[in-house]
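Peer 1: Take a look at the letters that make up each chain.
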Amino acid sequence: MIDQEWAIILARIQFAFTVSFHFIFPAFSIGLASFLAVLEGLWLKTGEGVYANLYRYWLKIFAVVFAMGVVSGIVMSYQFGTNWSVFSDKAGPVIGPLMAYEVMTAFFLEAGFLGVMLFGINKVGRKLHFIATCTVAFGTLISATWIISVNSWMQTPVGFEMGTNGQFLPGESWWPIIFNPSFPYRLLHTVLAAFLTTAFAVGAVGAWHLLRDSQNVGARKMFSMAMWMAAIVTPIQIFAGDLHGLNTLEHQPAKVMAMEGHFESHPEGAPLILFGIPNSAEKRIDYAIQIPKASSLILKHDPNAPLAGLDTIPDENEPPVGIVFWSFRIMVGLGFAMLGVGLWSLLARLRKNLYQASWLHRAAVLMGPSGFVAVLAGWITTEVGRQPYTIYGLLQTSQSVSPLDAQAVAVSLIAFIVVYFSVFGMGIWYLFQLMKKAPEAHERGLDGSPTRTAGLTPAPAMLPSLPSKGASL
Amino acid sequence: MIDLTIVWACIIAFAIVAYVVMDGFDLGIGILFPFFQVGEDRDKAMNSIAPVWDGNETWLVMGVGGLLAAFPLAYAIILPALYAPMIAMLLGLVFRGVAFEFRWRDPSHRPFWDGAFTLGSIVATFAQGIALGALLQGITVQGRAYAGGWWEWLSPFSILTGFGLLVGYSLLGACWLNWKTDGGLQRQAVTYAGRLGIGLLIMIGAISAATLTLEPQYHARWLSFPDVIATAQVPLATIVVTWLFYRSLRLKKDVQPFLWALSLFGLCLVGLAVSIWPNVIPARVSIWEAAAPHRSQVFMLVGASIMIPIILAYTAWSYWVFRGKVGTEGYH
Ligand code: HDD
Ligand code: HEM
Ligand code: HEM
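If you read the sequences in order, they're chains P and H. All the letters of the first sequence, read from the start, carry residue numbers 1 to 473 under the numbering used here. All the letters of the second sequence, read from the start, carry residue numbers 1001 to 1332 under the numbering used here.
Pulled out of the complex, with its shape left as it was, chain H reads as follows (with noise of 0.2 Å):
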C-alpha cells in the first residue's frame, strides 16, 4: 500500500516548489524595482506580472493550508515558532499586494507605492529566507507545542538565507524580465543576471557549508560514505546547470536562463530534502508523527489529483494568454 503521509508530503513539498518557481521572479522584481528608470521600464516591469501575481501568491496559501490540513502538528508549531518573520511577512505581502493596483489609481503618490512595492517585496523574501533559516537550525519542541522564545528563529544563520533568497530572488526576476522585455530594460536585466548569478552561487556555498555545521544529521546525509555517492551529483549538478545558465545568458537567449535559473533553485530544494528527510521539523518531528489521519488525507487527496492538474492547465493558459513581451501599454 502506499503511504499517504508520503504522497502529502510531495504535494506540499510541490505546492512550495511552485510558489517559489513563480511567486520568485515576481518577489524579484519588486526588489530589483528602484533600478529600473521610473517611467516605461517601470510599467513594463509592473505589468509584465500584473495578471499573474495573484495566482502566484495563491501556491503559498496552498503550501500553509496543506500544512495545516495535512500535517496539522507541523502547521502548530512551525507558525508559533517563525512568529515575527511571518508576521513581517504578511505584512510585506500587504503592501506589495496592494501596490499593483494603488500606483495606478494615484499617479501623485506613484513613488510612494513604487516605494511599498519595493520594501515589501524585500521584507516578505527576507523574511522567508529567515523561516528557511530558522527551520533547519532547528526548532525547540517540547510535547505537542512550540518551546522556545519569541527570538529563536534568530541567528546568523538565519540572517544569512534570508541574504540568500533575496539574491535568489533577484536572480529570477532579472532572468523574468530578460525574457518579457526588450530594451534597455532587457538589457539592463541581462547585466543583473549575470552579477547575481556569482552572489547566488556564493550564497549557496556559504549556505551548505553553514548548514552542515547545525543538525549531526546533516553532516551524515552530505558527507559519510556510501551516501556520499548520491548526494554528491547535487553540487556535481549545480556546477554544469551554472554553466549552461552562463552559456544561455551569452548566446542571448530569452527563455533558458530564466530556466536555468529555476533549475538552480531546484538543486538547492532537492539539497534541502536530502538534509532534512524525512522530517517536517528537522531532528524534532517526523512527517508521520505530525500526519493527519488517514481519512483527512484521504479524502484531501481526492480533490488534491482532480484539481491540482486542473489548477496547473488553466494557470498555464493565463500564462499563455499573456504570452510574448511586454510593452508599456501592455500585451502585444
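The shape of chain P in the complex, shown without the other chains (with noise of 0.2 Å):
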C-alpha cells in the first residue's frame, strides 16, 4: 500500500515535470510561427529587406525550438499510457478520438510542411514558401485548439455517458464535448499567453541588441514590433483572464477559492487577498494584505454579495491551497508587469524616443522570461486546482494510476530528469547563442545545416538587404 501511494506520487511529479517541460516550447513555437508568418508577409508585401533578415534570424531559433517542442511532445503521447493506464481505459473513448484529430490536422501538417519552411525556399519559391510558413503557423494552432479541448473537456466534462465497464463513453454528438464549457475560454486564455509570451522573448531580444546598438534596424524592428504586441494583447489577455476566472467560479469553485485563498465563506462580500501565507493546518491565511468585499465585486460584480469557502467543501476534496494560491498570484503579478512594459512603450513612443529608451530596454530584457514563468504557473493552478481529480468530480487522480511499483516510476522519472536538462539545458543554451548575435544585413540562413544550398546565401536580387548601419527606420 505503502509502495502504492509513493507511485501515485512519483507519477504525478513524473507527469508534471514532462508536460511543464513540453509546454515551454509550444507556448513559444505557437508564437514564434505566427511572428514568421508576419514576417515573411510583410516582406513579401513591401520588399523591404529587414523583414527577410529578420525571418532568417528567427528560423534559426524557431527550429530549434520546434525540435525540441516535437521530442518533448511524443513523450507527452506516451505519459497517458506509462503513468496514467487505468485512466486511459475508462477516458479513452471520449479524449482518444479528439487527441487523434490532433493528430491528423495539426501534427501531420506542422511536419510535412516544416521541412519546406526550414530548407525549402529555393526549390519552392516564395510564394508557396510563405504558404508552408502559414501552414505550420496555422497547425500550431490547431494542435492547441484540440488538446485543450481535451484538457478542458477533463476540467468541465459533459456529454458523456457511463459504461457498464466504467469507460466514459461519448454521447449523442460530440459537439457538447469539443465545446465543453471551459473550453473557450482556456483555449483563448492559452493562446493569447503564447503570443506574449514569444513578444516578450522577441522584445528582449531587440532590447538587448538596443542597448548595444540603437541603431540597428532589425533590433529596432522587433522592439517595436514586441511592444506593439506588448501594449495592445496583455489588457485583452487580463480581460480574457477575468472571463476564465468567472467560468472556474461557476464551474470548478473549489479551484477558484483556493486561488483566492479563502479558507472561510463570506455572507456580507469577501476581501481581495492580496499577500498572505496560506496555512493549510489552521485553515487560515496568515499576515493577510486585503482589500474589503473586492473578491465580491470582482467574481460577483456585487460588493456585498456573498461567497461560499474552502469550509463548505470537505476536506478531502481540497485542492492543495498553497500551491494553487501562489503560482496564481505568480501569474496574475507577471501579468500586471506586462501590461506596465506595454503602457510604457507607448509612452516611449510618444516621446518618439522608444530606440533610446534604455530603462525601458532594460525593463524589457528582465521581462524576457516573464511569458515562460507566467504559463507554467498558469498552468499549475490549473492543474493543481482541480485535484484530487483527474476528471473533475468523477474520476480521482488516486483512482488514474497505472498498475506499477513506484522504483520502476522513480528510476524512470530519474531518467527524464537528467536527460531533460542535459539536452534541453544544453538546447537553450544554442537558443542564446543564437539571440546573442545581433539580427544583420545578410542574415544567414538555417547557418551550415541543409539551407546552406547555393542560392541560400542571399542573392541581391532576391533578398534586398538592409540599409547599412546607421540608417534610421
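Any given hint could be a false lead.
To be verified - Below 30 Å or equal to it, Euclidean Cα-Cα: the simulated DSS-like pairs (lysine-lysine) are:
id: 1; chain 1: P; residue 1: K127; chain 2: H; residue 2: K1253
id: 2; chain 1: P; residue 1: K437; chain 2: P; residue 2: K123
id: 3; chain 1: H; residue 1: K1252; chain 2: P; residue 2: K123
id: 4; chain 1: P; residue 1: K45; chain 2: P; residue 2: K293
id: 5; chain 1: H; residue 1: K1253; chain 2: H; residue 2: K1325
id: 6; chain 1: P; residue 1: K352; chain 2: P; residue 2: K45
id: 7; chain 1: P; residue 1: K293; chain 2: P; residue 2: K283
id: 8; chain 1: P; residue 1: K127; chain 2: H; residue 2: K1325
id: 9; chain 1: P; residue 1: K127; chain 2: P; residue 2: K437
id: 10; chain 1: P; residue 1: K45; chain 2: P; residue 2: K437
id: 11; chain 1: H; residue 1: K1252; chain 2: H; residue 2: K1325
id: 12; chain 1: P; residue 1: K123; chain 2: H; residue 2: K1325
Source of the hints: derived by calculation from the structure; they are not laboratory data. All figures in this text were calculated on a predicted structure; none of them were measured in a lab.
The two chains are supplied separately, each in an independent frame; assemble them into the complex guided by the hints.
Peer 2: Put into C-alpha cells, the structure is as follows:
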C-alpha cells in the first residue's frame, strides 16, 4: 500500500515534470510560427529587406525550439499510457478521438510543411514558401485547439454517458464534448499567452541589442513589433483571464476558493487577499493584506454578494491551497508587469524615444522570461486546482494511475530529469547563443545546415538587403 | 454492415506500416552513422533525412494515439507492460531528434551530437524491437489491467527481436542512402546493404522459428493443414523478394533495392498479422474486446477518411520537393 502511494506521487511528479517541460516549447513555437508568418508576409508585401533578415534570424531559433517541442511532445503521448493507464482505459473513448484528430489535422500538417519551411525556399519559390510558413503556423494553432479541448473536457466533463464497464462513453453528439464549458476561455487565454510569451522573448532580444547599438535596424523593428503586441494583447489577456476565472467559479468553485485563499465563507462580501501566507493546517491566511469586499466585486460584480469558502468543501476534496494560491499570484503579478511594460512603451513612442529609452530596454530584457514563468504558473494553478480529480468530480487522480511499482517510476523519473535538463539545457544554451548575435544586414539562413544550398546565401535580387548601419527606420 | 473494429485495426496497422516504412530508414541511418566518414559523408547522410524525419516520426504518434482512441483497453494494458522499453525508446528519440538541429548549431561538439544521434537511434530501435517481441511472447493480463511485473518484457526472445529490428532498420537506411547519395558514400551503402540483407534473412529465420514455439495459436496458424497452403505463401514470397533485392543491387539500381527491402518488411508484418489476428494482445485480448464504442469509431473514421489521403498527398509532395540525390550543400 505504501508502495502504491509512492507510485502515485512519483507518477504525478513525472507527469507534471514532462508536461511542464513540453509546454515551454509550444508556448514559444506557437507564437514564433505566427510571428514568422507575419514577417514573411510583410516582406512579400513591402519588399523591405529588414523583414527577410528578421525572418531568417528567428527561423534558426524556431527550428531549435520546434525540435525540442516535438521530442518532448512525443513523450507526452506515451505518458497517458505508461503512468495513467486506468485513466486511459476509462477516458480513452472520449479523449482518444480528440487527440487522434490532433495528430491527423495538426501534427502531420506541421511536420509535413516544416521541411519546406526550413529548407525549401529555393526549391519551391517565395509564394509557396510563404504558404508553407502559414500552414505551419496554422498547424500549431490547430494543435493547441484540440489538446486544450481535451484538457478542458477533463476540467468540465459533459456530453458523456457512463458505460457498464466503467468507461466514459461519448454521448449522441461530439459538439458538447469538444466545446465543453471551459474550452473557449481556456483556448483563448492559452493562445494569447503563447503570443505574449513570444512577444516578450522577442522584445527582450530586441532590447538587448538596442542597448548595444540603438541604430541596429533589425533590433529596432523586432523591439517595436514586440512592444505593440505587449501594449495591445496584454489588456486583452487580462480581460480574458478575468472571464476565465468567472467561468471557473461557475464550474470548479473549489479551485477559485484556493486561488483566492478563501478558507472561510463570506456571507456579506468577500475580501480580495493580495498577499499572505496560506496556513492549511489552521485553515487561515496568515499576515493577510486584503481589500474588503473586492473579491465579491470582481467575481460577482457586487461588493456585498456572498461567497462560499473551502469550509463548505469536504477536506478530502480540497485542492492543495498553498501551491494554487501562490502560482495564481505569480501569473497575475506578471500579467500586470507586462501591462506596465506595454504602457511604458506607448509612452516612449509618444516621446519618440522608443529606441533610446534604455531603462525601458532594461525592463524589457528583464521581462524576457516572464511569459514562460506566467504560462507555467497558470498551468500549475489549473492542474493543481482541480485536484484531487483527473476528471473533475468523477475520477480521482489516485484512481487513475497505472499498476506500477514505485521503483520503476522512480528510475524513469530520474532518467527524465537527467536527460531533460542536460539535453534541453544544451538546447536552451544554443538558443541564447543564437539570440546573443545581433541581427545582421545579410542574415544567413539555417547556417551550415541543409539550407546552406547554393542559392541561400542571400542573392541580392531576391532578398533585398538592409540599408547599412546608421540609417534610421 | 462493415465491422468498424476491423476497419480501425486496419488503419492502426497501416499507421504502423507507414511508421516502419518511413522512420525505419532514418533510424537506420542513425545506426550506421559512425561508419560514415566524418565530414562530407556524414553531412550528406544527415541532409538526406533532415527535411522529412519529423513527418516520419509523426506516424509513431499516429500509431499510439490511434491505439488510445480506437482500442483504449489495449493502450492501457500494453504501455504499462512495456514500461521500461517505452521510456527507453522515448529518451532515445529525444536524443536523436535534437541532434538534427544541435549538430549544426555547435560545430565544436559535433562529434558528441553525432554520437547522441547514433546512440539515440540504436536505443529507440532496440526498444521497439523488444516491444514487438514482448507483445508476441504474451502479456499477463488480469481483468482490465496489466498484471505482470516490471521485467516481464525481458526474455531471450525479445532480445532477439530487438537485434532483428536493428539489422532491419540498418538495411533500410543503407538502401535509402544508395538511392539518395552518390560517390563513395553510395558505394559504401551498397556494400552494407548486401551484408545486411543476409543478416536480416538470418534474423527473420530465427525469429520465425522461435515464434512458432511461443503460443499454440501461432503454431496452428502456420503449420496445420489446410491453413499452411495459404500461410506458406509468406515464406515463399520472402525468398522471391530476396532474390529480386539482390538482383537490383547487382544491377546497380538506385530505387529498387529500397523498395524490395521495404517489401521484405511488409512480408514480416503480414507474417505478424497472420500470427496474432484477431487479437491486439496475443492470446489475451481480441480487437473487439479492446475496441472503443461505435460512436468513437464513427467520429474518428470521418476524420481519418478525409485526413489520411490529404496527409499522404502533402507528405508525397514534400518528398517530391526534396527529390534527387543530396549533396553536402543540400539538394541539387
Ligand atoms: C502569458 C501568460 C499569462 C498571463 C499574463 C496570465 N495568464 Fe492566466 N493562465 C495562463 C497564462 C497567463 C495559461 C498558462 O494559459 C493558463 C493555464 C490554463 C489556462 O487555461 O491558461 C492560465 C490559467 C488561468 C486561470 C485558471 C483557470 C482554470 O484553471 O480554470 C485563471 C483564473 C487565470 N489564468 C486568470 C488570469 C488573470 C486574471 C490574469 C491577469 C493578470 C492572467 N491570468 C494572466
Ligand atoms: C502544457 C501545460 C500543462 C502543464 C504545465 C500541466 C501541469 C500539470 C501539473 C503540475 C500536474 C500535477 C498536478 C498534481 O498532481 O498535483 C498535472 C497533472 C495532470 N495534467 Fe496537466 N498540465 C498541462 C497540460 C495538460 C494537458 C493539456 C492535459 C490533458 C490533455 C493535462 C492532463 C493532466 C493529467 C492527466 C494529469 C495527471 C493527474 C494529476 O495529477 O492531476 N495537462 N499537469
Ligand atoms: C499532455 C498533453 C499533451 C500531449 C500528449 C502532447 C503531445 C504532443 C506531441 C506528440 C507532439 C509532437 C508532434 C510531432 O510529432 O510533430 C507535440 C508537439 C506540440 N504540442 Fe503538445 N502535447 C500536449 C500538450 C500541449 C499543449 C497544452 C499545447 C498548446 C497549447 C501543445 C501544443 C503543441 C504544439 C504547438 C506542438 C508542435 C511542436 C512545437 O510547437 O514545439 N501541446 N505535442
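Peer 1: Each of the hints needs a verdict: does it hold here or not?
Peer 2: Tested hints:
no.: 1; hint: P:K127 / H:K1253; in the structure: violated (36 Å)
no.: 2; hint: P:K437 / P:K123; in the structure: holds (28 Å)
no.: 3; hint: H:K1252 / P:K123; in the structure: holds (28 Å)
no.: 4; hint: P:K45 / P:K293; in the structure: violated (53 Å)
no.: 5; hint: H:K1253 / H:K1325; in the structure: holds (13 Å)
no.: 6; hint: P:K352 / P:K45; in the structure: holds (26 Å)
no.: 7; hint: P:K293 / P:K283; in the structure: holds (20 Å)
no.: 8; hint: P:K127 / H:K1325; in the structure: holds (25 Å)
no.: 9; hint: P:K127 / P:K437; in the structure: holds (29 Å)
no.: 10; hint: P:K45 / P:K437; in the structure: holds (27 Å)
no.: 11; hint: H:K1252 / H:K1325; in the structure: holds (15 Å)
no.: 12; hint: P:K123 / H:K1325; in the structure: holds (14 Å)
Against the hints set out earlier in the document, violations occur for numbers 1, 4.
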